[in-house]
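Engineer: Chains as they are written, first to last, in our numbering: chain A, 1235 to 1591; chain B, 1235 to 1591.
Keep in mind that the hints were calculated from the coordinates and are not lab data. It cannot be assumed that every hint is accurate.
Stated by the list, open to error - 30 Å max Cα-Cα, derived DSBU-like pairs, lysine-lysine:
1. Lys1267(A) x Lys1298(B)
2. Lys1580(A) x Lys1538(B)
3. Lys1576(B) x Lys1586(B)
4. Lys1586(B) x Lys1561(A)
5. Lys1561(A) x Lys1538(B)
6. Lys1561(A) x Lys1346(A)
7. Lys1267(A) x Lys1346(B)
8. Lys1561(B) x Lys1586(A)
9. Lys1561(B) x Lys1538(A)
As the list claims (entries may be wrong) - Chain B stretches covered by chain A per the calculated footprint, using a threshold of three residues with CB under 8 Å from any CB of chain A:
10. 1307–1318
11. 1419–1433
12. 1533–1540
Computed from a predicted model, the values in this text were never measured in an experiment. Glycine is no exception: its CB is placed at the ideal position from the N, C-alpha and C atoms.
2 protein chains.
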Amino acid sequence: MIDVLAPNATIGILGGGQLGRMLSVAASRLGFKTHIFEPAANPPAGHVADVITTASYEDEIALKAFAASVDVITYEFENVPTSALDLLESIKPIRPNRRALAVSQDRITEKKFLVDLGLTVAPFAAVDTAADLDKALSDIGAPAILKTRRFGYDGKGQARIMDAAEAPKAIADVAGAPSVLEGFVDFTHEVSVIAARGQAGDVSCFDPGENVHTNGILHTTTVPATLTGAQRMDAVLLAAKILNELEYVGVMGVELFVTKQGLVVNEIAPRVHNSGHWTQNGCIIDQFEQHIRAVAGWPLGDGKRHSNVEMLNLIGNDVDRIPEFAKDGSVAIHMYGKADVKPGRKMGHVNKITGAA
Amino acid sequence: MIDVLAPNATIGILGGGQLGRMLSVAASRLGFKTHIFEPAANPPAGHVADVITTASYEDEIALKAFAASVDVITYEFENVPTSALDLLESIKPIRPNRRALAVSQDRITEKKFLVDLGLTVAPFAAVDTAADLDKALSDIGAPAILKTRRFGYDGKGQARIMDAAEAPKAIADVAGAPSVLEGFVDFTHEVSVIAARGQAGDVSCFDPGENVHTNGILHTTTVPATLTGAQRMDAVLLAAKILNELEYVGVMGVELFVTKQGLVVNEIAPRVHNSGHWTQNGCIIDQFEQHIRAVAGWPLGDGKRHSNVEMLNLIGNDVDRIPEFAKDGSVAIHMYGKADVKPGRKMGHVNKITGAA
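Make a model of the complete structure from these sequences and hints.
Structural biologist: Structure below.
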């Protein structure tokens, strides 16, 4: 059954960062208002939202009022506490659904889900103790990477282990949190698929982008990616398999390692994704509008690309380059309105058009 | 001197309609916040603005607080009362400048300004009384059109006179307001130039669009327009002449009639313009961002077009066609978030991409 949002309806968004900001703008294009729920003050999304609630995810009164004021709830941030989701879901629908969140909130659950679907992931083992880590390292071998099962992003909650002797430091780095050891994958490059599934079960993918990370943070995404036709098809079919299995509604980012043996799934993110920002200037309907369309029960855009794009993240002092970018007529600037520049903070991005598709 | 707006600065916008809404979104892309001043409640721009003030242009306390809270003031609406502008300008800069407003607020002042620049306008005469109208009709001839000198838009405050016998009805239609009689121009079609001038005096124009009106309201704008290379050049040079003479800062819409004898200026609008909405999906930097760039002291975009576009206004019940447009992957939808559908009300527009430029 398709639940088509009425004109002028309000979409509640959990999380008020740059993804919420760009979702809010996309919602406005389709005639919807947004209400942002965000614990931190002065959220970037608040500058372009109809209403903001500043409250913690433990504040039941605020959560109830938020849910009552909106027509549907979505999120830009997958680590919303379960208790908050339970309460919200008892009042208004949440899209994408809870299963997508449950799967992606825990790296082990996610990997098992992907393996059950017949997809390839890096070798992995659960690590709760130093003894678990020793065992996992002897099974998987070094180099490897220890990641907390929950709440990791942009390289946070991760420790590289180049040699078994580094195990104690790695355990200290993750502060004893339940973790997973992942074996290194011998990949040539990383790509991601920004995939969407509508309420009718239709799936639409944007062309895969090729990602380069620096210090664990996405640096650039380039379309078209270096892929054979067969790899491009594999990437899209694999993403569709994930979305269909989850009965997903919305946009998902699926990160893939390209190896000689085929595509290996690195991780999935049940939301619009940094590696999909290029769609803002490469497609008529971008990933943000695609997500809103799915959540609102609208038909999805076809994912077609009119231009080739290189997306560059502006991290910390990269914002000093804005005057240079502003002079380049082939560059679209997207700033996030963050009050302070900090090292490692995503301040904005630019999409450079490199030609017609 | 170039007054470059600081990152995260706030741009005050007089008027909260769809133009303010799309200006606000463009401002957010460059990292600016907006504060909307609008007498009517629930303004479309308010859904995507940081702050809204709901107050009349006679409310001096509200005007002062608004001006104090922003870094620069611009407008989406040229009929702001002079007393409000005087007060605001004593506190913060207004861009585009007062002269542009003074010229465009009065059709006679505007026509005289254009004629003094050596440009061609329709034959015209000031009409304050029935006797003036009889004299003007005998000089200019019928058919002609009587328009109020001030506050007219979208065909409002206008009366067509096909025959001198219709003069009394025309005077009644404009309710005796100071008016201008304009002779009909024998034109093949109408085009408009969306021109921008930066604080450094640089001028940048988008490719002219070809406009079709229905019942006095813009129906479609198509790019590229039917123009010879020489006409296209004339249109752009003529627009630049107007902006330079006014020492204009921002985007202006210049409507032109194409005749066998050359281009005739219909009217100018000192703001972003409905006939420039196609730039949202045809250019990397659209008219809204171009205006914000000028106001903020940034370099202007080069006006380059990557796609051919047909913009269609959605008036009143045209919104019933949204489900049809939503299925078309070549169509970008831009809704204005207006609460009620009314006949003649601009509810949104769609940009259909008709090919690569």
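Engineer: Run every hint past the structure and note whether it holds.
Structural biologist: The hints, checked one at a time:
no., hint, in the structure
1, Lys1267(A) x Lys1298(B), "29 Å, holds"
2, Lys1580(A) x Lys1538(B), "29 Å, holds"
3, Lys1576(B) x Lys1586(B), "24 Å, holds"
4, Lys1586(B) x Lys1561(A), "28 Å, holds"
5, Lys1561(A) x Lys1538(B), "13 Å, holds"
6, Lys1561(A) x Lys1346(A), "48 Å, violated"
7, Lys1267(A) x Lys1346(B), "44 Å, violated"
8, Lys1561(B) x Lys1586(A), "28 Å, holds"
9, Lys1561(B) x Lys1538(A), "13 Å, holds"
10, 1307–1318, "violated (count 0)"
11, 1419–1433, "violated (count 0)"
12, 1533–1540, "holds (count 5)"
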